[in-house]
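From the two separate chains plus the hints, produce the assembled complex.
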Amino acid sequence: MATQIEPATQTDEDAFRAEVQQFLADNFPAELKGQSNALAGVDGPTNETPAQTKWREAVGARGWGTPTWPKEYGGGGLTKAQAKIIDQEFAKAGAYNPIGGMGVMMFGPTLLEYGNEAQKQEHIPPICRGEIRWCQGYSEPNAGSDLANLQTFAEDKGDHYLVNGQKTWTSGGQWADKCFAIVRTDKSDKHKGISFMLIDMDTPGVEVRPITMISGTSPFCETFFTDVKVPKENLVGEEGQGWTIGKRLLQHERTNISGGGSLARLMGQSLGDIAKKYQPTGADGELADAVLRDKIADFEIRWNSFLLTARRAMEESKAAGGVSEISSVLKKLGTKLSQERSELLIEIRGLQGLGWEGDGFSDGELEAVRAWLFGKATTIYGGSTEIQNNIIAKRVLGMLDHQ
Amino acid sequence: MAVLNEEQEMLRDMAREWTVNESPVTEFRKVRASGEPEAFNRDAYATMAQMGWAGVIIPEEHGGSDFGFLSAGLVVEELGQTLTASPLVMNTVAASAIVLGGSDEQKAKWLPRLASGEAIATLAVDEGPSHDPAKIETSVSDGKLSGTKAFVHEAHGADLFVVAAKDGLYLVEKGDGVALTTRKLTDQRSHADVTFDGAAADKLASGGDSLLDDVLDRARVLTAAEMLGMAQQVFDDTLAYLKQRVQFNQVLASFQALQHRMADLFADLAQMRSAVEAGLQAVDGGFGVARAATIAKAEANRVMHTMANEGIQLHGGIGMTDEYDVGFYLKRARVLEASFGSSSWLKDRFSKLSGY
Chain Z
1 MATQIEPATQ TDEDAFRAEV QQFLADNFPA ELKGQSNALA GVDGPTNETP
51 AQTKWREAVG ARGWGTPTWP KEYGGGGLTK AQAKIIDQEF AKAGAYNPIG
101 GMGVMMFGPT LLEYGNEAQK QEHIPPICRG EIRWCQGYSE PNAGSDLANL
151 QTFAEDKGDH YLVNGQKTWT SGGQWADKCF AIVRTDKSDK HKGISFMLID
201 MDTPGVEVRP ITMISGTSPF CETFFTDVKV PKENLVGEEG QGWTIGKRLL
251 QHERTNISGG GSLARLMGQS LGDIAKKYQP TGADGELADA VLRDKIADFE
301 IRWNSFLLTA RRAMEESKAA GGVSEISSVL KKLGTKLSQE RSELLIEIRG
351 LQGLGWEGDG FSDGELEAVR AWLFGKATTI YGGSTEIQNN IIAKRVLGML
401 DHQ
Chain V
1 MAVLNEEQEM LRDMAREWTV NESPVTEFRK VRASGEPEAF NRDAYATMAQ
51 MGWAGVIIPE EHGGSDFGFL SAGLVVEELG QTLTASPLVM NTVAASAIVL
101 GGSDEQKAKW LPRLASGEAI ATLAVDEGPS HDPAKIETSV SDGKLSGTKA
151 FVHEAHGADL FVVAAKDGLY LVEKGDGVAL TTRKLTDQRS HADVTFDGAA
201 ADKLASGGDS LLDDVLDRAR VLTAAEMLGM AQQVFDDTLA YLKQRVQFNQ
251 VLASFQALQH RMADLFADLA QMRSAVEAGL QAVDGGFGVA RAATIAKAEA
301 NRVMHTMANE GIQLHGGIGM TDEYDVGFYL KRARVLEASF GSSSWLKDRF
351 SKLSGY
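As they're listed, the protein sequences go chains Z and V.
Count the first sequence with my numbering and you get residues 1 to 403, in order.
Count the second sequence with my numbering and you get residues 1 to 356, in order.
Isolated chain V, as found in the complex (with noise of 0.2 Å):
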């Protein structure tokens, strides 16, 4: 764990208390059980706005605390424990590229809304089932937004799109021209197909060329915060079944065949800690973000594709039973993975970064 700040560490006490507490997993079940695309609680995500979290990367004068990316992973963190299914990833990602590029009639409309959950954004990128950024269609002309984007996060419950077009990034508000087609994933979160036809689009025009790549960077870094939360409870799930089931009249935690694996998880959560809160820090620091966050998110990827595999395969039968969690986190680590740079993806980037 990075060394907090005394704010950092009231918000991340608070958004634990509020997990274990007023969100536990037995709340994604509710959330799985109502069949609703949208796949959040309402309520959940109006007090989650109420105790600022929206706002976290939000500046002051547009009704946020500014504390920062590190601050928001810690948040996020907590929520993918948890398993809370909510859009406050989205709508990070999304306020972060009003913030970046977003002129200041952009910024007073939409940041404040966002900020109070009022209203909800996402960011809509992708073309095809892999992340691609590289290859977008999408277009505009006179200000009319044409082109479908695949398997957009959170679109269900999103008042806004922050939509990637071969120019750049537009703004584009739900209503007319903008539908939905549901792509129900293994998750059982929010995943649409979204076809924008001759939808009304605002530019986001500043924050330059390298915009898209900064948003995605965050999208990424907040993702991995995720991923470590999920990693996190998978791995102190499984150590403490191993020390309370018993076979051979032994506990299974006294085997070391086991502990051995044990350790190598532990060692590679430590990994993935270290990467994935380098990459949070980058952001605040504004140095060297494209590397930390393909680091945090290569990172958070290798370590809970592996956490997710071993996790089921300790808690034996019963990691297989939809009555256990384990399940559950397997489920929601592929789709994380696959969004916003698979491990191929990103190592690809980084021999770029690299230079070879």
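Here chain Z stands alone, though its shape is the one from the complex (with noise of 0.2 Å):
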């Protein structure tokens, strides 16, 4: 696409970055320094101050926050050294990026790749403006890991598609404009018989009930559709294509999960400092439980050993132009030692690492505790632990199914 090429040619890279640096001086509201996107997020609703909106607004105008989608759809056209200078100013100036959410990490890259021009034009812009939210219509309760199983119905009725069923884990259902869903348009072939469609949540028939979860949140939701009027130019790709786009976006899920950069940026405080403000010391400034002590360096050797592996994958698909096999383990380590720190957390912290709410705990003891018990739902979601274990034996390792 000549718009993603030509901004690199015109301008070179110390004057793309005095252009960000004045950007930012100009339209970064100061109050907002060292805030997070809430956007982005699943686990809450928007109410923007009108600082954050102005920021949204701001970025969103240059396509800044999705900067290297094409410009005709409203993205930034930039290249990717441009992008990684947008993310370096942004983090100098203690700003975030405040398009976000998953039209950015999964459906805008996915319709990118398989969408109508009238599509695009349509659903992307609003993508990059931060104007839309998004939200996943794809496990049913009988459709986990299985999730081909799918029997979320969508009849041709002529123009539109009446659409029946129940889908479920909907994240942030209830603050979704939009959804992204596979549904079944035949019942007579498991995989081809499945579509990928996209439903306005404020059509007659759609119901979304929160969850609320151990963590005490409701981040997911129940969605049902009774007799939904899809109109039929929201169907994505061919009918019977829905698996081969939904598996793609899949992919898009997986690595944003799994992503050793905003892990490593989550876990950055070493266990072991934590562990002598609630531990007690010896005279050389040793944690004397020599026991606890030997978990958390060992706990702290993997957990490095992963940031080395994350690093290694991204050098490797680099250099080889495409994805690298060792990426394949990327969700399962990652997530799994996610959790293996939340559970050390604990137990460095005892009783006072159990809180669940008042003034007796800090806000960090507190969001330990609801991320921990959270934290469970990430080996089951975007593909379980034990699925991700059948992928990379079978299509990595080459292992059979069985006959």
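It cannot be assumed that every hint is accurate.
What the hints assert, rightly or not - Straight-line alpha carbon distances no greater than 30 Å define the calculated DSS-like cross-link-like pairs of lysine-lysine that follow:
#1 V:K331 with Z:K295
#2 Z:K295 with V:K135
#3 Z:K295 with V:K352
Claimed, not checked - Pairwise CB distance ranges, derived in the manner of DEER restraints:
#4 V:M320 with Z:T244: 43 to 49 Å
#5 V:S130 with Z:T281: 22 to 28 Å
#6 Z:D189 with V:L353: 57 to 63 Å
#7 V:N249 with Z:D189: 26 to 32 Å
#8 Z:D284 with V:T195: 33 to 39 Å
#9 Z:G205 with V:A257: 43 to 49 Å
#10 V:Q244 with Z:G322: 27 to 33 Å
#11 V:Q244 with Z:P210: 51 to 57 Å
#12 V:V20 with Z:R311: 26 to 32 Å
#13 Z:R311 with V:T186: 34 to 40 Å
#14 Z:R311 with V:N21: 30 to 36 Å
#15 V:A205 with Z:D284: 28 to 34 Å
None of these hints come from the bench; they were simulated from the model.
In this text the structure is predicted, and so the values were computed from the model without any measurement.
C-beta atoms are modelled at their ideal positions from N, C-alpha and C, and glycine is treated no differently.
Here it is in structure tokens:
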């Protein structure tokens, strides 16, 4: 795409960096410094402050929240090098990227690949401006790990589909404007009977019920479809192509769940340093509990080699011009390790690390408890660890199906 | 696999071709059968040295190629895959001590000979069965070194010992005042207790207070590289076996219980490779070496331990036989795990380096 190459030849890196710095000086409200993007999380509603709105609109107008997406659909049309400069300068200024969520992480890249021109024109620009929240209509009560067993049915009614069925674990369903869903259009073929379509959440017949999780939060919903009319133009790709498109989208999801980068930031603080605040130390400054000390070191060594593995996967993929085979282990490893860390944090803090609410606990302590509980989901969603193991064994190691 | 430059790719390909064709595990079986305590094939080592492998970390002015530790690790990994018995790792570690701590005279005297294979050197630090560089009794007075070093790797073939004494590292040549007692270990390689009784010693006076730690970190990353090759081979052999062994009219590879264990091992192996390569690269970069080497050896120990055990179990009964190779890897694995830092020692060091 010509628009993606132009800026690189027009502007050298220093000039572009200066442009980003000027943009931040002109547009980033100082009061937002150090905040994160509320819209990107699936864990809360969007009640933007005026400053947050201003910042979102400024970044959205430039397409800089989705810097490498094509300009004709509202993206930045920038090179990866320029996108990196934006990242760096935003980080330096303490500014977050206000454009995020499932539209950016999963649906947008998939629609750019499989959508028709009209769909791209309609749906991509609002994602780039952060105006529309998308949710994912994938799992059903009887289609979890066996996702292709989904039964939600879209009946062909000539000019529209009539959708009936139930989705579950719909992340952020209660706050979403639209849903990208995989539904059944043909009951005679398990995989080829699946189609990918877009459903407005305010269509009559769509009902959303939040599910309270063990962490006390309700980031997931049950979504019911009762005689929901979906216009034919909301079908992405061809009828029966939904499994292919849907799986492609999941690759974007897995990359985001396992990404060493964000996990590294999340888990930056040394457990040893935390432990020294909760546990007795000897005269030499070492943790007195030798068993706990050993456990912490054991974890941190494996965590370090995970970060090295995530970096190696990226470098190998870049060098090979394709996905490195070790990328297949990142989700499995990253989610397991972050769960282990949460458990270890509780062991370090004792009962002080299990607070549910109240002034007797710091915000950090309370957040860790909720994160520990919610973190149990990470090895279940996005393809459970067992599904990841199947994928590694069959696709990477070439181990055959049971006959 | 780290992204390699052209020289490194050539070196690795050459090492792979040579080990597969000239030094398969059957060659190790011959070494074992010979019963010679030095436990390596002199002709094979001469060939390795001719190909430049003994001088990979030695500066060009002293007859080496100065390719660095990542490159040396590539060769060592290939040697580990076929259990090639040679003093290459220990010679490289000992040479690094001279590179880091030697005078111009010492470098000129020894490095060209170590690079060409004309002489062989090894490292002698520990004085008991467990790695503990803080506990050294060996001492030197009037240029005479006395003390006993335990389980010295490749001692029988060594012309030169790099010996840790209380006040630093010394070069001691084999001969007067140096006596070996063979300690035959399960890996059937060269190990000996070495008693130095007033042996002439030449101090490695440069390199500063951290010289011993720096040299041991090099021993850790290269040992980890050997273990990486071994773990890779056990994994590959086990996977190949599961794909051909039929039970219940199915190849074993089709059983999910085994598939998931292989997926776990594959993930472990990925972690091990990342840690080992990063350790080698840290030595070349000269930054964060202690931490990176500790992580490298700790991960090598953890994964190699599991891999060897799983390799036996997944092979079933034939994995227990001397006819199959997998048992050799288990035996060598445990010797290397205990050398230059057991898992618990390494975790203690990691905690200290991290300030807790």
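To see whether the hints hold, each was checked on the structure:
no.: 1; hint: V:K331 with Z:K295; verdict: 27 Å, holds
no.: 2; hint: Z:K295 with V:K135; verdict: 25 Å, holds
no.: 3; hint: Z:K295 with V:K352; verdict: 14 Å, holds
no.: 4; hint: V:M320 with Z:T244: 43 to 49 Å; verdict: 47 Å, holds
no.: 5; hint: V:S130 with Z:T281: 22 to 28 Å; verdict: 26 Å, holds
no.: 6; hint: Z:D189 with V:L353: 57 to 63 Å; verdict: 58 Å, holds
no.: 7; hint: V:N249 with Z:D189: 26 to 32 Å; verdict: 30 Å, holds
no.: 8; hint: Z:D284 with V:T195: 33 to 39 Å; verdict: 35 Å, holds
no.: 9; hint: Z:G205 with V:A257: 43 to 49 Å; verdict: 45 Å, holds
no.: 10; hint: V:Q244 with Z:G322: 27 to 33 Å; verdict: 29 Å, holds
no.: 11; hint: V:Q244 with Z:P210: 51 to 57 Å; verdict: 52 Å, holds
no.: 12; hint: V:V20 with Z:R311: 26 to 32 Å; verdict: 30 Å, holds
no.: 13; hint: Z:R311 with V:T186: 34 to 40 Å; verdict: 36 Å, holds
no.: 14; hint: Z:R311 with V:N21: 30 to 36 Å; verdict: 34 Å, holds
no.: 15; hint: V:A205 with Z:D284: 28 to 34 Å; verdict: 31 Å, holds
Every hint, counting from the list given before, is met by this structure.
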